[in-house]
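*Asks:* The task is simple: from the sequences and hints, build the whole structure.
Number of protein chains: 2
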Amino acid sequence: MKNFADRLIEVIQEKGSPIAVGLDPQLQYLPQEIKDKAFKDHGQGFKGASRAILEFNRKVLDVVSPYTGVVKLQVAFYELLGPWGMEAYRKTITYAQKKGLVTIGDIKRGDVEHTALAYAQAHLGEVKLDKITLRGYGTDSVTLNPYLGGDSIAPFLKVAEEKAKGLFILVKTTNPSSRDFQDLSASDGERFFEKVAKKVRQWGRGLIGKNGYSSVGAVVGAQYPRTANRLRRLIPRAFFLVPGYGAQGAGARGLDAYFNADGYGAIISSSRSIIFAYLYPPWKGRGVLQYAPTDWEEAVRQAVVKMHSEVAEAAERAKRRSSSRRL
Amino acid sequence: MKNFADRLIEVIQEKGSPIAVGLDPQLQYLPQEIKDKAFKDHGQGFKGASRAILEFNRKVLDVVSPYTGVVKLQVAFYELLGPWGMEAYRKTITYAQKKGLVTIGDIKRGDVEHTALAYAQAHLGEVKLDKITLRGYGTDSVTLNPYLGGDSIAPFLKVAEEKAKGLFILVKTTNPSSRDFQDLSASDGERFFEKVAKKVRQWGRGLIGKNGYSSVGAVVGAQYPRTANRLRRLIPRAFFLVPGYGAQGAGARGLDAYFNADGYGAIISSSRSIIFAYLYPPWKGRGVLQYAPTDWEEAVRQAVVKMHSEVAEAAERAKRRSSSRRL
Numbered sequence: 593m594k595n596f597a598d599r600l601i602e603v604i605q606e607k608g609s610p611i612a613v614g615l616d617p618q619l620q621y622l623p624q625e626i627k628d629k630a631f632k633d634h635g636q637g638f639k640g641a642s643r644a645i646l647e648f649n650r651k652v653l654d655v656v657s658p659y660t661g662v663v664k665l666q667v668a669f670y671e672l673l674g675p676w677g678m679e680a681y682r683k684t685i686t687y688a689q690k691k692g693l694v695t696i697g698d699i700k701r702g703d704v705e706h707t708a709l710a711y712a713q714a715h716l717g718e719v720k721l722d723k724i725t726l727r728g729y730g731t732d733s734v735t736l737n738p739y740l741g742g743d744s745i746a747p748f749l750k751v752a753e754e755k756a757k758g759l760f761i762l763v764k765t766t767n768p769s770s771r772d773f774q775d776l777s778a779s780d781g782e783r784f785f786e787k788v789a790k791k792v793r794q795w796g797r798g799l800i801g802k803n804g805y806s807s808v809g810a811v812v813g814a815q816y817p818r819t820a821n822r823l824r825r826l827i828p829r830a831f832f833l834v835p836g837y838g839a840q841g842a843g844a845r846g847l848d849a850y851f852n853a854d855g856y857g858a859i860i861s862s863s864r865s866i867i868f869a870y871l872y873p874p875w876k877g878r879g880v881l882q883y884a885p886t887d888w889e890e891a892v893r894q895a896v897v898k899m900h901s902e903v904a905e906a907a908e909r910a911k912r913r914s915s916s917r918r919l
Numbered sequence: 593m594k595n596f597a598d599r600l601i602e603v604i605q606e607k608g609s610p611i612a613v614g615l616d617p618q619l620q621y622l623p624q625e626i627k628d629k630a631f632k633d634h635g636q637g638f639k640g641a642s643r644a645i646l647e648f649n650r651k652v653l654d655v656v657s658p659y660t661g662v663v664k665l666q667v668a669f670y671e672l673l674g675p676w677g678m679e680a681y682r683k684t685i686t687y688a689q690k691k692g693l694v695t696i697g698d699i700k701r702g703d704v705e706h707t708a709l710a711y712a713q714a715h716l717g718e719v720k721l722d723k724i725t726l727r728g729y730g731t732d733s734v735t736l737n738p739y740l741g742g743d744s745i746a747p748f749l750k751v752a753e754e755k756a757k758g759l760f761i762l763v764k765t766t767n768p769s770s771r772d773f774q775d776l777s778a779s780d781g782e783r784f785f786e787k788v789a790k791k792v793r794q795w796g797r798g799l800i801g802k803n804g805y806s807s808v809g810a811v812v813g814a815q816y817p818r819t820a821n822r823l824r825r826l827i828p829r830a831f832f833l834v835p836g837y838g839a840q841g842a843g844a845r846g847l848d849a850y851f852n853a854d855g856y857g858a859i860i861s862s863s864r865s866i867i868f869a870y871l872y873p874p875w876k877g878r879g880v881l882q883y884a885p886t887d888w889e890e891a892v893r894q895a896v897v898k899m900h901s902e903v904a905e906a907a908e909r910a911k912r913r914s915s916s917r918r919l
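Listed in order, the protein sequences are those of chains A and B.
Taking this note's numbering, the leading residue of the first sequence gets 593, the next gets one more, and so forth.
Taking this note's numbering, the leading residue of the second sequence gets 593, the next gets one more, and so forth.
For the record, the hints were derived by calculation from the structure and aren't laboratory data.
This one's a predicted model, so the numbers in the text were calculated from it and none came from an experiment.
Treat each hint with caution, since some may be false.
Only pairs whose alpha carbons sit at most 25 Å apart, straight line, appear in this in silico PhoX-like list of lysine-lysine [to be verified]:
| hint | chain 1 | residue 1 | chain 2 | residue 2 |
| --- | --- | --- | --- | --- |
| 1 | B | K723 | A | K651 |
| 2 | B | K639 | A | K683 |
| 3 | A | K898 | A | K594 |
| 4 | B | K690 | A | K720 |
| 5 | B | K720 | A | K723 |
| 6 | A | K802 | A | K911 |
| 7 | A | K720 | B | K683 |
| 8 | B | K750 | A | K787 |
| 9 | B | K720 | A | K651 |
| 10 | B | K723 | A | K720 |
| 11 | A | K639 | B | K790 |
| 12 | B | K802 | B | K750 |
| 13 | A | K723 | A | K755 |
| 14 | A | K683 | B | K720 |
| 15 | B | K790 | A | K787 |
| 16 | B | K607 | B | K690 |
Here are a few chain B residues that sit away from chain A, every Cβ distance over 10 Å (derived from the structure) [stated by the list, open to error]:
| hint | residue |
| --- | --- |
| 17 | G608 |
| 18 | K691 |
| 19 | D703 |
| 20 | K720 |
| 21 | R825 |
| 22 | E908 |
Residues from chain B shown here face chain A by an in silico Cβ test under 7 Å; the list is partial [to be verified]:
| hint | residue |
| --- | --- |
| 23 | A641 |
| 24 | Q666 |
| 25 | F669 |
| 26 | L672 |
| 27 | M678 |
| 28 | K700 |
| 29 | A714 |
| 30 | L721 |
| 31 | D722 |
| 32 | K723 |
| 33 | T765 |
| 34 | L776 |
| 35 | S779 |
| 36 | I800 |
| 37 | G804 |
A virtual CB, placed ideally from N, CA and C, is assigned to each residue, including glycine.
*Replies:* Here it is, written out as structure tokens:
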């Protein structure tokens, strides 16, 4: 089994850009054609809705897989549709993995040790029943909330080690209220999220791959290049999962701060502005609806191509900046 | 619709003790008879396992409902069994509510605003599909992780207000590593969990019921009576959800610190030491297996009766202590 961070680097090299496409399939934004068919075949309820998002996800994956090596699934939009939604979650993960993609389950779980173990087994590991053992959701990695501290992370570390999986610990999130607690200063002047970052370093020590990166990464929002710069030095071996590019407001400027001098160390993630590109004016546009609903896949393709090149350039800038420094 | 905190007080009065029984159905501890039947009828996989825990839960609820007004479901043990597990989660909630019990979904979710809204709709509210709107899991209240700050709580507050539901925000958790971050001192000397508590007070202001308690409560572990005492004064209107009594080590001593002078303001929760009482030496015993597996329901009954009286006494002590102070 290959170390998770090494696998990340492998797919980044293969696809040529360190991006992740987020599969956050909010039903109201799905192309009507897909919904109509699914609701006709499977009823107007959760089953029909779940089949619609599964069908949508498969089509999105068909379009984006030449450009991205990583997909992130926000589990809330599946959990929203009850057990059927979780079935769509499971099947989307399987479909993505068959295409060779690395999956991130954006679950943000965090609980006391024996409960955390149940979550770890469910999402990354295996589930032991009475007579048989089954694979759980089988994602390659998950996001975790650190509020409960080390023993809430330990079961995930154990499963990550056994199954060569990855973890991304929330450090500094994209939302404005992340300042409420994450930005508080501790008595020694360090900010709370820096305390978390130091623990991320400690938790990740045992899971370093051959490229020098750990399977324990950190979630750091795309809006904070200066913070990213500081965190980059604090936890150089952690892969940053960087949401907030695109619909959440951050552009490509400043993204180079998230990368190390080798051009690695960050995965830039975008969800709505890729998968629902047909509803968004492309990037800096001004409210002009550019795509017909039937062209939604072409809109996805153009959005992911644009993101692919912008993010690849940011990673290149990080390399150039550092080599010019060396001169 | 009755305010959630008022409903809590109503069921506490009705049952005579402020307790919650935790339905954390870990498959390996279930009575073999229940498992054998479910696996025979529904196969050896997730469906059979999920039917086993549903059947177990129903029997537990039949036994405990004369003694407790509240049940807490740890969603991880359902999520562990995939979509079938979530179906057992949903059906357990419905069954408990039919018995007049108030349900707490111990989900510990926390995410950015539009994602938090999906979780809030899924667990407390309604889910709008294309042509119809369905009830989600329909729990009466949930636990939430505060790490992402105010805008991650806001959608839950909105749904809680619309649907008269309750929230319990993690403040100080039972696990030893809760000290990693929750106990850190901020630059002004306050501890991190106190910062969270102050936000809980602020978030709960708009949801105060006729008894003076808010529908926004706090999770405070049973091991910290001194902390509870301080928090009690800091957020007097918050209901404390207090796990850790029983299997997690805390006894009934010190529990009075969690209550206000009116004898309300806390729900003491116990899971494994009630539902799997047949495996535990009763409370202070020393490793003697006292019950045959076929007597598991009687073991549950005796455990919940004991807890009912110990916790009722603690609430009474809080009242007496305060009236003697007044003299």
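*Asks:* Confirm or reject each hint.
*Replies:* Consistency of the hints with the structure:
1. B:K723 - A:K651: 23 Å, holds
2. B:K639 - A:K683: With Cα atoms ~17 Å apart, K639 of chain B and K683 of chain A stay inside 25 Å; holds.
3. A:K898 - A:K594: Given pair K898 of chain A, K594 of chain A is violated - Cα atoms ~30 Å apart, limit 25 Å.
4. B:K690 - A:K720: Violated, at about 32 Å.
5. B:K720 - A:K723: 40 Å, violated
6. A:K802 - A:K911: Status holds; Cα separation ~20 Å.
7. A:K720 - B:K683: 23 Å, holds
8. B:K750 - A:K787: Since the Cα atoms of K750 of chain B and K787 of chain A sit roughly 32 Å apart, the hinted pair is violated (cutoff 25 Å).
9. B:K720 - A:K651: Holds, because 23 Å separates the two Cα atoms, which is no more than 25 Å.
10. B:K723 - A:K720: Judged against 25 Å, a Cα distance of about 40 Å means the pair is violated.
11. A:K639 - B:K790: 42 Å, violated
12. B:K802 - B:K750: 19 Å, holds
13. A:K723 - A:K755: Holds - the C-alpha atoms of K755 of chain A and K723 of chain A are around 21 Å apart, at most 25 Å.
14. A:K683 - B:K720: Holds, at roughly 23 Å.
15. B:K790 - A:K787: Satisfied, since the Cα-Cα distance of roughly 21 Å is no more than 25 Å.
16. B:K607 - B:K690: 16 Å, holds
17. G608: 29 Å, holds
18. K691: Answer for K691 of chain B: holds, closest chain A Cβ roughly 22 Å.
19. D703: 6 Å, violated
20. K720: Given that some Cβ of chain A is not farther than 10 Å from that of K720 of chain B, nearest at about 8 Å, it is violated.
21. R825: 21 Å, holds
22. E908: 29 Å, holds
23. A641: Holds - the Cβ of A641 of chain B comes within 7 Å of chain A, reaching about 5 Å at its closest.
24. Q666: 6 Å, holds
25. F669: F669 of chain B check passes; min Cβ-Cβ to chain A is 6 Å, inside 7 Å.
26. L672: 4 Å, holds
27. M678: Holds: closest Cβ of chain A sits about 4 Å from M678 of chain B, inside 7 Å.
28. K700: 6 Å, holds
29. A714: 4 Å, holds
30. L721: 5 Å, holds
31. D722: With Cβ-Cβ at 6 Å, under 7 Å, it holds.
32. K723: 5 Å, holds
33. T765: Constraint on T765 of chain B satisfied, holds at 5 Å.
34. L776: 5 Å, holds
35. S779: Constraint on S779 of chain B satisfied, holds at 4 Å.
36. I800: 22 Å, violated
37. G804: 26 Å, violated
Checked against the numbered hints listed earlier, the structure breaks hints 3, 4, 5, 8, 10, 11, 19, 20, 36 and 37; every other hint is satisfied.
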